[in-house]
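Based on the sequences and whatever the hints tell you, model everything.
2 protein chains.
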Amino acid sequence: MLSRNGNSVSTGASVAETLAATLHSVLGGESGGLHEPLFGGKEKEYVTQCIETGYVSSVGPFVDRFEAELAAYVGAPHAIAVVNGTSGLHLALVAVGVQPGDEVIVPALSFVATASAVRLSGGIPHFVDVSPDTWGIDANYLRDYLRAALIPSGNSWINKITGRPVTAIVAMHTLGHPCDSAGIAVVAGEFSLKFVEDAAESLGSFSRDLHTGLAGDVGVFSFNGNKTITTGGGGAIVTRDASLAARMKHLSTTAKVPHRFEFDHDLVGYNYRMPNINAALGVAQLEQLPDFILRQRALYSKYEGAFEDLGLGDVRSESPGTASNYWLQALLLTPEVANNRDQMLSVCLDEGVPVRPLWKPLNTLSPYRDCPSDDTPVVNDLYARVICLPSSASLA
Amino acid sequence: MLSRNGNSVSTGASVAETLAATLHSVLGGESGGLHEPLFGGKEKEYVTQCIETGYVSSVGPFVDRFEAELAAYVGAPHAIAVVNGTSGLHLALVAVGVQPGDEVIVPALSFVATASAVRLSGGIPHFVDVSPDTWGIDANYLRDYLRAALIPSGNSWINKITGRPVTAIVAMHTLGHPCDSAGIAVVAGEFSLKFVEDAAESLGSFSRDLHTGLAGDVGVFSFNGNKTITTGGGGAIVTRDASLAARMKHLSTTAKVPHRFEFDHDLVGYNYRMPNINAALGVAQLEQLPDFILRQRALYSKYEGAFEDLGLGDVRSESPGTASNYWLQALLLTPEVANNRDQMLSVCLDEGVPVRPLWKPLNTLSPYRDCPSDDTPVVNDLYARVICLPSSASLA
Numbered sequence: 001m002l003s004r005n006g007n008s009v010s011t012g013a014s015v016a017e018t019l020a021a022t023l024h025s026v027l028g029g030e031s032g033g034l035h036e037p038l039f040g041g042k043e044k045e046y047v048t049q050c051i052e053t054g055y056v057s058s059v060g061p062f063v064d065r066f067e068a069e070l071a072a073y074v075g076a077p078h079a080i081a082v083v084n085g086t087s088g089l090h091l092a093l094v095a096v097g098v099q100p101g102d103e104v105i106v107p108a109l110s111f112v113a114t115a116s117a118v119r120l121s122g123g124i125p126h127f128v129d130v131s132p133d134t135w136g137i138d139a140n141y142l143r144d145y146l147r148a149a150l151i152p153s154g155n156s157w158i159n160k161i162t163g164r165p166v167t168a169i170v171a172m173h174t175l176g177h178p179c180d181s182a183g184i185a186v187v188a189g190e191f192s193l194k195f196v197e198d199a200a201e202s203l204g205s206f207s208r209d210l211h212t213g214l215a216g217d218v219g220v221f222s223f224n225g226n227k228t229i230t231t232g233g234g235g236a237i238v239t240r241d242a243s244l245a246a247r248m249k250h251l252s253t254t255a256k257v258p259h260r261f262e263f264d265h266d267l268v269g270y271n272y273r274m275p276n277i278n279a280a281l282g283v284a285q286l287e288q289l290p291d292f293i294l295r296q297r298a299l300y301s302k303y304e305g306a307f308e309d310l311g312l313g314d315v316r317s318e319s320p321g322t323a324s325n326y327w328l329q330a331l332l333l334t335p336e337v338a339n340n341r342d343q344m345l346s347v348c349l350d351e352g353v354p355v356r357p358l359w360k361p362l363n364t365l366s367p368y369r370d371c372p373s374d375d376t377p378v379v380n381d382l383y384a385r386v387i388c389l390p391s392s393a394s395l396a
Numbered sequence: 397m398l399s400r401n402g403n404s405v406s407t408g409a410s411v412a413e414t415l416a417a418t419l420h421s422v423l424g425g426e427s428g429g430l431h432e433p434l435f436g437g438k439e440k441e442y443v444t445q446c447i448e449t450g451y452v453s454s455v456g457p458f459v460d461r462f463e464a465e466l467a468a469y470v471g472a473p474h475a476i477a478v479v480n481g482t483s484g485l486h487l488a489l490v491a492v493g494v495q496p497g498d499e500v501i502v503p504a505l506s507f508v509a510t511a512s513a514v515r516l517s518g519g520i521p522h523f524v525d526v527s528p529d530t531w532g533i534d535a536n537y538l539r540d541y542l543r544a545a546l547i548p549s550g551n552s553w554i555n556k557i558t559g560r561p562v563t564a565i566v567a568m569h570t571l572g573h574p575c576d577s578a579g580i581a582v583v584a585g586e587f588s589l590k591f592v593e594d595a596a597e598s599l600g601s602f603s604r605d606l607h608t609g610l611a612g613d614v615g616v617f618s619f620n621g622n623k624t625i626t627t628g629g630g631g632a633i634v635t636r637d638a639s640l641a642a643r644m645k646h647l648s649t650t651a652k653v654p655h656r657f658e659f660d661h662d663l664v665g666y667n668y669r670m671p672n673i674n675a676a677l678g679v680a681q682l683e684q685l686p687d688f689i690l691r692q693r694a695l696y697s698k699y700e701g702a703f704e705d706l707g708l709g710d711v712r713s714e715s716p717g718t719a720s721n722y723w724l725q726a727l728l729l730t731p732e733v734a735n736n737r738d739q740m741l742s743v744c745l746d747e748g749v750p751v752r753p754l755w756k757p758l759n760t761l762s763p764y765r766d767c768p769s770d771d772t773p774v775v776n777d778l779y780a781r782v783i784c785l786p787s788s789a790s791l792a
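So the protein lines, in turn, are chains A and B.
Numbered according to the numbering used here, the first sequence spans residues 1 to 396.
Numbered according to the numbering used here, the second sequence spans residues 397 to 792.
In case anyone wonders, no lab produced these hints; they're calculated from the structure.
Every clue listed holds true.
List time: in silico EDC-like cross-link candidates among lysine to aspartate or glutamate, alpha-carbon distance up to 20 Å: (1) K360(A) - D660(B); (2) K42(A) - E441(B); (3) K42(A) - E448(B); (4) K756(B) - E262(A); (5) K438(B) - E52(A); (6) K440(B) - E52(A); (7) K652(B) - D370(A); (8) K438(B) - E45(A); (9) K440(B) - E465(B); (10) K256(A) - D766(B); (11) K44(A) - E441(B); (12) K756(B) - D266(A); (13) K44(A) - E448(B); (14) K360(A) - D662(B); (15) K652(B) - D342(A); (16) K440(B) - E45(A).
Take a look at the structure:
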């Protein structure tokens, strides 16, 4: 392969230097963190209102407003603001009925929270591979896998090998790019699985006009500091199901039974409500979401142009039929240069360019490596070949 | 009994009116909520700094500063800021080694989070009575109870009836008033119990010069909107034990193993870190804590004077040997008027005076009523007789 200036870049060092130089050329000087928030709206105004009115905690007008405006944006009848995405996933799994000892189908490619939320609910992650196209679970692969791995037992399905019930599936929209959640919903129905969408990374991403998070029973967003919009720490749950929404809101507020003065709680509940001061940030950020997505699309185009003829690999583009928020820009290295991944990451970091790999496959982590898992060749290949690129909206 | 004006107040209605009128006389006009925050310091300045620097999430200078300043204030070598008190209790119980199926001794008098945190850890609450003096667990009662209820088994102790190991105790400092945590620590040692202090309500409260939260293995504070200081939502863990502190911090940050770019996680961890924007509020609030406590002491004196000769009951004062933060002012009704408690609460609420009872005894709530429990006559009596009074610092 040839570098920009026509020289051979076959050594690891030169490949790494090419990557760093290309990123420098796209980004100019300081690139800050990997995905830094941009506060260009009414953040200060709204947060100041919280302090002036005294409403900073789990009850307040910005919580209601954030929930209403988020619901309107994604097209969900119900949205519940929670303390972070992990808590939202935990709450969703409990609410759809995951019981201790149940297995929950999870992609081996995700941030660890997808698996730890399953453990928080008492469930056991059961890992599957992802599609090389969407980088999320593929519906047809899933059907074939479940047909081979499960057997029916009464109204539910059990893992042939462990004998444990498999009661739910979590699909994740990797780096913001929608997976085939409509197809997965069909397969979930065939195997009586509850379907939770881990949409932590995909606020603003649509698949055939349906916002991510709405194809299954529950969808969960994250507003951590590195997400498309941030509330400092926070998350939200969306659902079409009114009774599920009521149950999740009840569980998120310590399962307190409404009463004028008594403290009665009818279930083991959680303290998972988003504080008003965090929701204030969220309302201001949501107002800028369309702009943030335009910026990410522009940043994608910059990267796409810069890497086009370099031979290092392809910048991840949205899949057919989807509109992605391009949360985290990513370069899929060619197999030829992928064995230089670590050196490329190190050189970029040495030169002040914030990059990172994908997450280690969850089925290789010590707390999860004994969990049930399919072979995951696509996950392993993506992990070995992807480098995530600086993706702050300010870079566009 | 006689009302202020010398008339008999033997009917429920007149007792209730006397209470409402007395509270009106102490509080003047608007009394707002039961315990509203007071933002009289640098809250806006610090929160604005977060927005201007972009540090709003789980890493940031205010998180470090809040931890350091909180540790200095309470005299703890280690403090870890977390997302709320419930999460802090959960993390503490996991970190001290509570295993699924273990029983954890818990007072039947507490906010439900004390019990739900035990369930989150997989443990089973085992309820005990409290002292009529401190309203928290009494060390001598505890020793007698555990001697009767447990038998030794190897290095640990098991519940004679259920056969389950009893591995930890949580003591709570009710309404901010310290219980005898030093004495409880001795008893915990005798029965090989780990000791977690639920100090959610007691920031600023000391027992013989030791701040609450430091007598056991771990102490947990809450900074919910109704607490002495608030971070919107938030909590903190303090400990003297460096290895326990390191373990809790690791668990609170998804158990991520430090690495320049890899995402490796060596335990099932949690997403429990306090965001920087919430910590910014906390730093500003902590600067005002001594003033807030003086205000609460002044408010206590006002109430004490107002209720002195009314015959309704006594305003809760700090126990001998303790300095209380007087988080929530409380009136202990005389047995003669206590059967009018509900009417008194209702009339006050009707007249816009925010009051509430104590929490329903935890061993009577449906999710916990089948858990092991001693008889709890003191808890039942306090629940029947206590009315919590408006306690915002602004009222002093």
